[in-house]
Every structure is written in structure tokens, then in C-alpha cells.
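Visitor: Sequence:
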Amino acid sequence: MKRSPFDPADLRRQAEKALRERDLPAKEEPDSLRLLHELQVHQIELELQNEELVATNRELDTLRAKYQSLYEAAPVGYLTLSAGGNVLDCNARALKMLALDYAAVLKRPLRERFDPPSRPTFDALLVDAGQVDAAASAELVLRRPRQIPMYVRAQARALHLPHHDGQLFLFVMMDVSALKFAIDDIAGVIDKRDTAA
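Take the sequence shown: its position 106, counted from the start at 1, is 215 in our numbering, and no numbers get skipped.
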């Protein structure tokens, strides 16, 4: 297991070593010099902690940028939903699937974007996802402004984030329209064949 970068004993040793290397008075001096020594050691400890924090912050920035790039370039629509199903965030693919811009989606109920017959299924999907610690899935039909409806395979999972009190959901949508249309075409051919026979 990796040691904490802020281990007090380790920081103290590093600070004492750095202080000796600076060739400052040793701690066997009178009280005022000992106090000065302690203050200098604490100052060096703080500098070391600050260096660790800066390095950790750089790592976090790099990871955040990688995550954001993956999130935005994903071939599926990702949305973060509130407990009530309002959109809190989404990626570019979700916006394209909804055929709306970010302002038209943000803080609005995702439920309204589905065909009325799909809405009870959407509601049940969120209920199921909130009750189990696994993803729940369903097929839904998206209504899109000035476009044909889109058939989606949706998956919802409860998100448990630190420092967040309310229920959140990760909602994933994958366009399955081509598959749905192909299945319908095959069913139509089979029906015609059976009728002709």
C-alpha cells in the first residue's frame, strides 16, 4: 500500500534534512534558536506538503481531462439525472440524440423527451435503478423535434457520489433504431410469406 504523502514523521525527517542542508543553526542552541529551528522545520514541512498538493492537483487535472475527453467522445448518450429525472449534465452524443442544445435540456425532465407510451417505462426504470445496486435497462422511444422518433436502449444506474446528499442516476442511451427497423422489416416479410402460403 502506498504511504500517504503527508506522513508527519516522514515530513519531519525531510524537513530536518532540508534544514541541515541549508546550514542553519542546530537545535542544541538556546530557547530562542530552538524555537526558530522549530518554526523553520514547520515552514519546510508546509512547503513539502504544498509541493505534494501541487503534484496531486496536476494529476487530478490530467485525469479529469482524460475523463472529459472519453465522456464527450463516447458513442452513446450519457446523462446525469436528479432523483426526479431532471438532466443535470450530458455529453455531446446525448444532445445529438435528443436533437436539442444544452440549454434546452439542462435542468429539464428527461421524461418529457420520450413518447407518452414510453414514459411509464422510463419512470419504472429510475425506480428500479434506485432500489438495486445494479443497472436497470429498458427500450424507449425518443421524441425529437422535426425528426423521426429514435428507438433507444436505455440503462440507468444509481450514482453514489461523496459529498452529495441526493439521489443521482447515470442514464445511458444507445440508438437501436436501425435494429428495430430491420426487425420490423423481417417481421413484415415473414407475415407476407405466411399470408401467401
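Don't read these hints as lab results, they were simulated from the structure. A portion of the hints provided could be inaccurate.
[Claimed, not checked] Taking lysine-lysine pairs in the BS3-like style, the calculated list, with each CA pair at most 30 Å apart, reads:
#1 K205 x K301
#2 K126 x K175
#3 K301 x K289
#4 K216 x K205
#5 K205 x K175
Visitor: State for each hint whether it applies.
Guide: These are the hints, each one checked on the structure:
Simply put, K205 and K301 have alpha-carbon atoms about 36 Å apart, too far for the 30 Å limit, and the pair is violated. This hinted pair does not check out: K126 and K175 have alpha carbons roughly 37 Å apart, beyond 30 Å. With a CA separation close to 18 Å, the supplied pair K301 and K289 stays within the 30 Å bound. Under the criterion of a C-alpha separation no larger than 30 Å, the hint pairing K216 with K205 is consistent with the structure, at around 17 Å.
A C-alpha spacing of about 22 Å is found between K205 and K175, which places the hinted pair at or below 30 Å, so the restraint holds.
Hint compliance for this structure: hints 1 and 2 are not met, and every other hint is.
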